[in-house]
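Chains as they are written, first to last, in the numbering used here: chain D, 1 to 411; chain R, 412 to 711; chain A, 712 to 1025.
Be careful, since some hints might not be right.
Footprint (simulated), chain A over chain D, 3 or more residues, beta carbon under 8 Å [as the list claims (entries may be wrong)]:
(1) 27 to 41
(2) 76 to 87
Straight-line distance between alpha carbons at most 27 Å, and here's what the computed DSS-like set of lysine-lysine pairs gives [unchecked claim]:
(3) D:Lys42 x A:Lys987
(4) R:Lys431 x A:Lys918
(5) D:Lys307 x D:Lys110
(6) A:Lys849 x D:Lys154
(7) A:Lys849 x R:Lys431
(8) A:Lys987 x D:Lys276
(9) D:Lys174 x D:Lys257
(10) D:Lys354 x D:Lys114
(11) D:Lys257 x A:Lys987
(12) D:Lys174 x A:Lys800
(13) D:Lys42 x A:Lys800
(14) D:Lys226 x D:Lys204
The set of hints was computed from the structure by calculation and includes no laboratory data.
We put the beta carbon where it would ideally sit given N, CA and C, even for glycine.
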Amino acid sequence: MNFRAMAAVLAATVVLPLGVAQATDLEVTHWWTSGGEAAAVKELATKFDASGNKWVDGAIAGGGSTARPIMISRITGGDPMGATQFNHGRQAQELVEAGLMRDLTAVAEKGNWKEVIKPSSLLDSCTIDGKIYCVPVNIHSWQWLWLNNEAFEKAGVPVPKDWNEFVAAGPKLKEAGIHPLALGGQAWQANGLFDTLLLALGGKELHEAVYVKKDAEAAAGPEVAKVFEAAAQARELSMGTNVQDWNQATNMVITGKAAGQVMGDWAQGEFQIAGKVAGKDYSCLPGLGVSQYITTGGDAFYFPVLKNEEASKAQDALAEVLVAPETQVAFNLKKGSLPIRGDIDLGTANDCMKKGLEIVAKGNALTSTDQLLSPDSQSQKQDLMTEFFSSASMTPEAAQKRFVEIISSAD
Amino acid sequence: MTAHAHAKRPNQLFRNLTAKIASIPMILIALGIFLGGSIWTVVYSFTSSRLLPRATFVGFDQFERLWASSRWIISIQNLAIYGILSLIFSMVIGFVLAALMDQKIRFENAFRTIFLYPFALSFIVTGLVWQWILNPEFGIQGIVRSLGWTSFTFDPLYNADIVIYGILIAGLWQGTGLVMCLMLAGLRGIDEDIWKAARVDGIPMWRTYLFIVIPMMRPVFITTLVIIASGIVKVYDLVVAQTSGGPGTASEVPAKYVYDYMFQAQNLGQGFAASTMMLLTVAIIIIPWAYLEFGGKKRG
Amino acid sequence: MANISTLNTAAAGFDAVSDQVATGPRGRKPRRTFSPRNIMLYGTLIVAALYYLLPLYVMVVTSLKGMPEVRMGNIFSPPMEITFEPWVKAWAEACTGLNCDGLSRGFWNSVRILIPSVVVSIAVASVSGYALANWRFKGSELFFSILIIGAFIPYQVMLYPVVIALREIGVYGTLTGLVIVHTIFGMPILTLLFRNYFASLPVELFKAARIDGAGFWQIYFRIMLPMALPIFVVAMILQVTGIWNDFLFGVVFTRPDVYPMTVQLNNIVNSVQGVKEYNVNMAATLLTGAVPLIVYFVSGRLFVRGIAAGAVKG
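Same shape as in the complex, but just chain D (with noise of 0.2 Å):
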């Protein structure tokens, strides 16, 4: 072998591709591996299926924070997939604003997006400078409380209706041997527990003092305190919980070993998986059952700038396949999710979308903090809340103290 015959061998590994991707085939990355989102995923693979395309699935596990830097370090890499998933907000923004994203107005025009996308906050936070440059795909809220009738029984307490009842339940059903509140061991669990509790316990006002005006004398304030004395309460309730992901804490909702559990309502996917029935096996308090406000994050889909023509008619093709009333009525169904669209009639939804319908109808939707706080504040929050509710021996002052540090420097 001399040189000549190495830069052959070389050569060789560079024509050897490793995915041979069709014109059509379009690669969509998202991090929807539980058994309630896989079966809603399919639902959008199979709907674009039907337009001629291929749904390549690249499904990364072990949640957003997982997949994120995975899509993120692809794009900037100068490999882009055919769509990915973010929840949509500022996660995407610099990218964007790189050019690395592709502009979708044309597709919205067409589809008129702008009268049929409801609330139009959903819009608004996929539009940068005039452009849209994503497709939202549902609504999500956090605000909820799941509750296994059961347990209650069990423990011989009524089934609560709000947080406060929840609380005061809470010695009998770790008497019963019940954990009273599941809360897996990843970060953004616990953050969402506590602006969930910050809405519910806090209200509207103070939700948009702290997050829309990042005003450092609210986060300090006494209504803050109370919060954070209600996420001690919450910490008291979850200990020894010892999961890691949301649903393996669902699960434990599911199968009566926990009673509840505060999380989005993408939990109920997991209840319909497991055949459990709404107001029968369990019940669901939007709220926390204390107010009627709900936050609409979601997820949404954006589009790499692509060289290959083809591929990007694919990507118009599956943001259309994206908003059609029919693939947005199969895919919230599975998913447990709202739909985006105003103009549908969702007539098999259960007792807790139908809740989660109404709050939004009254236009009680409020933008949620993915969209309000940029990803290193909410990573900050993050590692604060995790660290909060995973040790018993970090007080609330202490906690709001650099809670009110993380929101003056926030962004």
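Given the coordinates of chain D, work out where chains R and A should sit on it, guided by the hints.
Frame of chain D, contents of chains R and A only:
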């Protein structure tokens, strides 16, 4: 292609030209990646880069924020605890095992195979197995409880105070075999006459080890130390597979901080600042070692 | 660069002494078989051996149980009913998202990553090591020094620059890109290994060949290569286990459809649908660890020698 090597009065640049051409990949990697990459990272740690690198310099802001972050402090503490304990334990266990193996035992090969096999497994595999064994419900805790001792508690992976020891157990399992092998190689390198002399003088065996053999093995110890230490700084996969940094932030390590802030929090500047600190740590480990080695011997 | 020369001598020392690992034990002669000393000695060794074997045993036992049996309790008890279903599921059925083809895909991806990476990294490193040992030129030691310091730099420091470098030459996300990454990060230790080995060969051989008019490549292929077979085997073992076990580069530098086995393992274990299937997880873990384990058990002594020589890789 070989003519250049024989050319008369060759130009300095063209001497051994083939060798130089053949070394191009090495030179590129050394200069372009290792040197260039490190410098690039250090330079950008002084910028406010978010998702994409941007040359907007902000002085020491990133470093100030880094050292004000409790997660970084926890990461450093964990690394210190993990590092010191894993150094001590792997050295002691590795040496004791090597000394035992050096007693003309039977089945030496079998024992060595058993002690060393975990080293062939990845940290991901190691982390997953130990996560299972330390699972409070099904693992050691569950079994001891089912034997009747119901108050027994051993859940290192779910207890923020001791989680780092749970990771240490797995790390030691994976790595001590290697240390044992290095130590055994060192022991076998010691002259038989030393043992004979010690025996003639009636020096007990433990004293021979402690005061004669170990000092003689200084180079092996120091090199082992550097190997373990540079591995410790890189600890990442093990934590990800075993705890993902939890519970809370209790088992975070610097390498994970770097990764998370660079890619998840979309704050490259912060990640670069943290990796610059890691680079500094490595320098702090390597330079005194080199100095010690250099000072201990005459230059050869 | 004092630190480097000492590192070299230390590593060369390993190589020399590690040969003696197999030459025979020292210490005192054993006495009677059941002396208290022997009981202590073997007792300790056996207890230690049990600690090291325990996880392997637990993996095997758990992977052969059905889920009901796993849930009932004792992770140490042997399976009452042996089932190979978890193995089948881990290999061919476990899901990540919509892909339900288990680890098999990852296995073949790993093989496809492994072979070119091992070949290219060893080819580049052996030539570099040879040039460093026999054809020193101005600055060659400096480049080598930088390379060796590189072995100690945390990968995270290099991650972003490498992403950019690969993007600039347009191979990010391709097999070529990953092969380059493995070549880069395998470079320090492999070059050290080859350089020390070639340097230890008698200089007369090289000189005689030069007098006969042989050039760089002729000497490499006709003289050095045939003599360096043992060190090639060591390098291969190191690279096969190292590249197979890699997780970080596999995550960052590939796309989901070509994920290597370790990344897929992590995906499968973390894609919980309903309850965690520990038996499937353990079977998947064993399957992923199988290749390096087999390499290790088959190669035995060479592996010991390889890691002793190459332990600086860390």
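Hints and how they fare:
1. For the segment 27 to 41 of chain D, the assignment as covered by chain A holds, since 9 residues bring a beta-carbon within under 8 Å of that chain's beta-carbons and 3 suffice.
2. Given as covered by chain A, the segment 76 to 87 of chain D passes the check, having 5 residues with a CB less than 8 Å from a CB of that chain where 3 are the minimum.
3. As the CA atoms of D:Lys42 and A:Lys987 are separated by approximately 22 Å, the hinted pair is consistent with the 27 Å bound.
4. Under the criterion of a C-alpha separation no larger than 27 Å, the hint pairing R:Lys431 with A:Lys918 is consistent with the structure, at around 19 Å.
5. For the suggested pair D:Lys307 and D:Lys110, the alpha carbons sit about 23 Å apart, so the restraint of at most 27 Å is met.
6. A hinted pair counts as satisfied when its Cα atoms are at most 27 Å apart, and A:Lys849 with D:Lys154 does not qualify at roughly 82 Å.
7. For the hint pairing A:Lys849 with R:Lys431, the CA-to-CA distance comes to about 10 Å; that is within 27 Å, so the pair holds.
8. A C-alpha spacing of about 19 Å is found between A:Lys987 and D:Lys276, which places the hinted pair at or below 27 Å, so the restraint holds.
9. Restraint check: the Cα-Cα separation between D:Lys174 and D:Lys257 comes to about 11 Å, which is no more than 27 Å; the hinted pair holds.
10. At most 27 Å may separate the alpha-carbon atoms for a hinted pair to count; D:Lys354 and D:Lys114 meet this at roughly 24 Å.
11. Simply put, D:Lys257 and A:Lys987 have alpha-carbon atoms about 15 Å apart, close enough for the 27 Å limit, and the pair holds.
12. A threshold of 27 Å between alpha carbons decides the hint, and for D:Lys174 with A:Lys800 the separation of about 37 Å lies outside it, so the pair is violated.
13. Taking the CA atoms of D:Lys42 and A:Lys800, the gap is about 21 Å. The hint holds against a cut of 27 Å.
14. Distance restraint check for D:Lys226 and D:Lys204: the Cα-Cα separation of roughly 15 Å lies within the 27 Å cut-off, and the hinted pair is therefore satisfied.
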